[in-house]
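So the sequence lines, in the order shown, correspond to chains U and P. The numbering of the first sequence is numbering that gives the first Met the number 0, which starts it at 0 and goes up by one. The numbering of the second sequence is numbering that gives the first Met the number 0, which starts it at 0 and goes up by one.
Source of the hints: derived by calculation from the structure; they are not laboratory data. Among the hints, a few may not be true.
Computed far set for chain P versus chain U, every beta-carbon distance over 10 Å [claimed, not checked]: (1) PHE55; (2) THR150; (3) PRO152.
In silico lysine-lysine, DSBU-like type, Cα no more than 30 Å apart, as pairs [as the list claims (entries may be wrong)]: (4) LYS165(U) - LYS56(P); (5) LYS92(U) - LYS224(U); (6) LYS43(P) - LYS56(P); (7) LYS43(P) - LYS151(P); (8) LYS165(U) - LYS224(U); (9) LYS278(U) - LYS224(U); (10) LYS151(P) - LYS187(P); (11) LYS266(U) - LYS46(P); (12) LYS270(U) - LYS56(P); (13) LYS151(P) - LYS96(P); (14) LYS218(U) - LYS56(P); (15) LYS270(U) - LYS92(U); (16) LYS96(P) - LYS56(P); (17) LYS162(P) - LYS151(P); (18) LYS92(U) - LYS56(P).
Part of the chain U face toward chain P, derived, beta carbon under 10 Å [stated by the list, open to error]: (19) PHE33; (20) ASP53; (21) ALA91; (22) ARG95; (23) ARG99; (24) ALA174; (25) ALA267; (26) ALA271; (27) ILE273; (28) ALA275; (29) HIS303; (30) LEU304.
The beta-carbon is built from N, C-alpha and C at its ideal position, and this holds for glycine as well.
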Amino acid sequence: MPNDGDTAIQWRPSSPNDALIKRARLLAQVREFFALRCVLEVDLPVLGERTVSDPHLDSLCTEGSLHYLQTSPEYFMKRLLASGSGPIYALAKAFRAGDRGRIHNPEFTLLEWYRPGWDERELMAEVAELILSVGCTPSVAAQRVTYRDIFMATVNLDPHRVSLVKLVELASNIAQRDMSGESRASCLDLIFSFEIEARLPPGIVFVHDYPECLCALAKLGVDEKGVTVARRFEVFLDRIELANGYFELLDADEQRRRFSEDNRQRKAMGKAEIAADEKLLAALDAGLPSCAGVALGIDRLLMHLVGAQHIEEVIAFSN
Amino acid sequence: MANYSTNEFRSGLKVMLDGDPCSIIENEFVKPGKGQAFSRVRLKNLKTGRVWDRTFKSGESLEGADVSEQNMQYLYNDGEYWHFMEPETFEQHQADKTSVGDTALWLREQDTCIVTLYNGSPLAVAAANHVDLEITQTDPGLKGDTAQGGTKPATLSTGAVIKVPLFLNEGEIVSVDTRTGEYLNRAKK
Chain U
0 MPNDGDTAIQ WRPSSPNDAL IKRARLLAQV REFFALRCVL EVDLPVLGER
50 TVSDPHLDSL CTEGSLHYLQ TSPEYFMKRL LASGSGPIYA LAKAFRAGDR
100 GRIHNPEFTL LEWYRPGWDE RELMAEVAEL ILSVGCTPSV AAQRVTYRDI
150 FMATVNLDPH RVSLVKLVEL ASNIAQRDMS GESRASCLDL IFSFEIEARL
200 PPGIVFVHDY PECLCALAKL GVDEKGVTVA RRFEVFLDRI ELANGYFELL
250 DADEQRRRFS EDNRQRKAMG KAEIAADEKL LAALDAGLPS CAGVALGIDR
300 LLMHLVGAQH IEEVIAFSN
Chain P
0 MANYSTNEFR SGLKVMLDGD PCSIIENEFV KPGKGQAFSR VRLKNLKTGR
50 VWDRTFKSGE SLEGADVSEQ NMQYLYNDGE YWHFMEPETF EQHQADKTSV
100 GDTALWLREQ DTCIVTLYNG SPLAVAAANH VDLEITQTDP GLKGDTAQGG
150 TKPATLSTGA VIKVPLFLNE GEIVSVDTRT GEYLNRAKK
């Protein structure tokens with residue numbers, strides 16, 4: 000084999016052959032998992048006229064800014080569900096501008112699926128089954144913990160009731176900077192990311208019943224303590240965030256309100272506003288069946304399967 | 000200077016933080032499934048040498064610091080300042096005790112060293128990794144004792160005191176690793 004030398008162009012894949020073989024196998028296992036459960040695979044556009052308005056997600060624009068590379072297939076999938084598709088999954092590339100790090104690549108493989116008639120509790124059980132079915136062997140059984148309980152256990156604060164002043168104080172301490180002026184959601188995200196995630200138990204951990212301000216596209220509910228919570232969950236595998244799911248919001252008017260709230264925040268952050276996806280809103284008006292949905296990072300699952308430390312090790316050619 | 004956003008933070012980038020020039024050591028991207036992304040950044044304060052950990056929200060920016068590193072020839076010390084010269088332009092710079100620091104122990108006139116300039120003035124001086132210096136004072140050498148592991152203190156022409164093998168004598172030249180202050184070998188005159 001010729002010597003590449005130090006100055007040669009790095010044309011070889013960043014992922015070893017072994018990881019490429021495991022990736023092919025993982026994709027086949029996922030498809031088999033859903034085929035056995037009669038969940039239909041759908042092949043959806045990655046190039047869309049509209050995109051998410053989430054203030055913390057940036058889409059890549061293309062074709063003279065007329066189209067966006069999709070950050071997830073969520074809106075297309077909801078339009079399918081509203082038109083009577085029944086249970087569906089998509090296994091495809093998604094794109095998020097600026098997301099780059101040890102467990103982030105701007106282009107990544109996302110598995111997203113929806114279960115009409117289910118709530119998020121039932122879907123959590125299926126997520127655990129999927130993870131186990133592809134060959135993950137966690138050292139301990141899957142656990143469920145509420146956002147409140149994990150917060151109380153780690154930083155001794157009730158995330159639903161604590162004052163913003165106290166949250167800012169703790170967040171400032173963790174970040175070693177003044178966080179005053181930051182929103183409740185930003186402070187909670189910071190505390191969770193830096194203090195709690197690293198101290199989660201090993202294995203598969205479901206964190207559910209999120210604070211209302213972190214609802215994203217989840218339905219709201221009331222927990223056993225009478226507190227309004229977002230029916231959202233996140234899945235961690237050995238302390239790495241793997242998936243995010245909702246008991247899906249169905250109310251078109253509430254969705255409209257969240258779109259404009261997103262844009263209000265985008266404006267305040269100096270970001271371009273994103274026009275609401277009228278086709279999604281029309282689909283919600285027509286009626287989305289009650290359903291639960293989840294999106295899972297395939298690259299991170301693969302990192303776990305091959306014991307990779309950096310996402311580059313499981314992507315043939317990282318961007 | 001230009002502003003750099005968190006997604007441009009790379010190790011080695013020089014930025015201003017709390018009024019001081021800093022060099023970024025590492026930048027870790029942290030983002031929850033939904034929500035605010037952060038950069039946890041480790042920076043070295045180039046004035047004090049202290050290492051800081053700071054968390055930024057993605058998209059926040061820092062002003063670039065006008066910091067550059069130049070090879071310069073060390074000329075002389077006038078008692079208060081150390082004088083250096085850029086080899087191509089012959090432009091001279093003077094550095095005070097704070098910026099020269101312990102490097103003074105390894106500076107031999109005419110030697111090339113690395114001067115960090117901040118807004119055009121020396122901020123720090125680093126000697127070459129290996130320098131050859133003359134022993135000006137040490138106990139007489141023990142003949143034939145070249146294999147034993149014993150050492151003795153020796154004062155070098157710059158004033159530095161290092162440990163050298165027993166067989167070395169005054170007037171001999173030794174190579175020293177300036178990062179550790181350790182004797183490496185006997186050098187030719």
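Evaluation of the provided hints:
1. Once the 10 Å rule is applied to beta carbons, PHE55(P) is inconsistent with being away from chain U; the minimum gap is 8 Å.
2. Under the 10 Å C-beta cut-off, the non-interface status given to THR150(P) relative to chain U holds; the minimum distance is some 38 Å.
3. Under the 10 Å C-beta cut-off, the non-interface status given to PRO152(P) relative to chain U holds; the minimum distance is some 42 Å.
4. Of the pairs offered as hints, the one joining LYS165(U) and LYS56(P) holds, with about 19 Å between alpha carbons and a cut-off of 30 Å not exceeded.
5. Between LYS92(U) and LYS224(U), the direct Cα distance comes to roughly 40 Å. Violation of the 30 Å bound is thereby established for this hinted pair.
6. Distance restraint check for LYS43(P) and LYS56(P): the Cα-Cα separation of roughly 19 Å lies within the 30 Å cut-off, and the hinted pair is therefore satisfied.
7. At roughly 36 Å between alpha-carbon atoms, LYS43(P) and LYS151(P) are farther apart than 30 Å, so this suggested pair is violated.
8. A hinted pair counts as satisfied when its Cα atoms are at most 30 Å apart, and LYS165(U) with LYS224(U) qualifies at roughly 22 Å.
9. Restraint check for LYS278(U) and LYS224(U): not satisfied, since their Cα atoms lie roughly 37 Å apart, outside the 30 Å limit.
10. Only pairs whose Cα atoms come within 30 Å are accepted, and LYS151(P) paired with LYS187(P) is accepted, the gap being roughly 21 Å.
11. Between LYS266(U) and LYS46(P) the alpha-carbon distance is near 38 Å, which puts this suggested pair outside the 30 Å criterion.
12. At roughly 14 Å between alpha-carbon atoms, LYS270(U) and LYS56(P) fall within 30 Å of each other, so this suggested pair holds.
13. For the hint pairing LYS151(P) with LYS96(P), the CA-to-CA distance comes to about 29 Å; that is within 30 Å, so the pair holds.
14. Of the supplied pair hints, the one linking LYS218(U) and LYS56(P) holds, its CA atoms being roughly 27 Å apart against a limit of 30 Å.
15. Between LYS270(U) and LYS92(U) the alpha-carbon distance is near 24 Å, which keeps this suggested pair within the 30 Å criterion.
16. Annotation: proposed proximity of LYS96(P) to LYS56(P) is violated, straight-line Cα distance about 38 Å (limit 30 Å).
17. As the CA atoms of LYS162(P) and LYS151(P) are separated by approximately 5 Å, the hinted pair is consistent with the 30 Å bound.
18. Of the pairs offered as hints, the one joining LYS92(U) and LYS56(P) holds, with about 26 Å between alpha carbons and a cut-off of 30 Å not exceeded.
19. With 10 Å as the threshold, the beta carbon of PHE33(U) stays out of range of chain P, its nearest partner Cβ sitting at about 22 Å, so the hint is violated.
20. Given the 10 Å rule on beta carbons, the hint for ASP53(U) holds: about 7 Å separates it from the nearest Cβ of chain P.
21. Hint status for ALA91(U): violated, given a least beta-carbon distance of 18 Å to chain P, over 10 Å.
22. A least Cβ separation of about 9 Å between ARG95(U) and chain P falls short of the 10 Å threshold, and the interface hint therefore holds.
23. With its C-beta approaching chain P no nearer than about 6 Å, ARG99(U) sits inside the 10 Å limit, and its interface hint holds.
24. Checking ALA174(U) against chain P by beta carbon gives a least distance of about 4 Å; that is within 10 Å, so the hint holds.
25. Checking ALA267(U) against chain P: minimum C-beta separation of about 12 Å lies over 10 Å; hint violated.
26. A distance limit of 10 Å between C-beta atoms decides the matter here; for ALA271(U) the minimum to chain P is near 13 Å, and the interface restraint is violated.
27. The beta carbon of ILE273(U) comes no nearer than 16 Å to any beta carbon in chain P, farther than 10 Å, and the hint placing it at the interface is violated.
28. Below 10 Å, beta-carbon pairs count as interface contacts, and ALA275(U) has none with chain P, the closest being about 18 Å; its hint is therefore violated.
29. Of the supplied interface hints, the one on HIS303(U) is violated, with its beta-carbon coming no nearer than about 16 Å to a beta-carbon of chain P, more than 10 Å.
30. A least Cβ separation of about 20 Å between LEU304(U) and chain P goes past the 10 Å threshold, and the interface hint is therefore violated.
Checked against the numbered hints listed earlier, the structure breaks hints 1, 5, 7, 9, 11, 16, 19, 21, 25, 26, 27, 28, 29 and 30; every other hint is satisfied.
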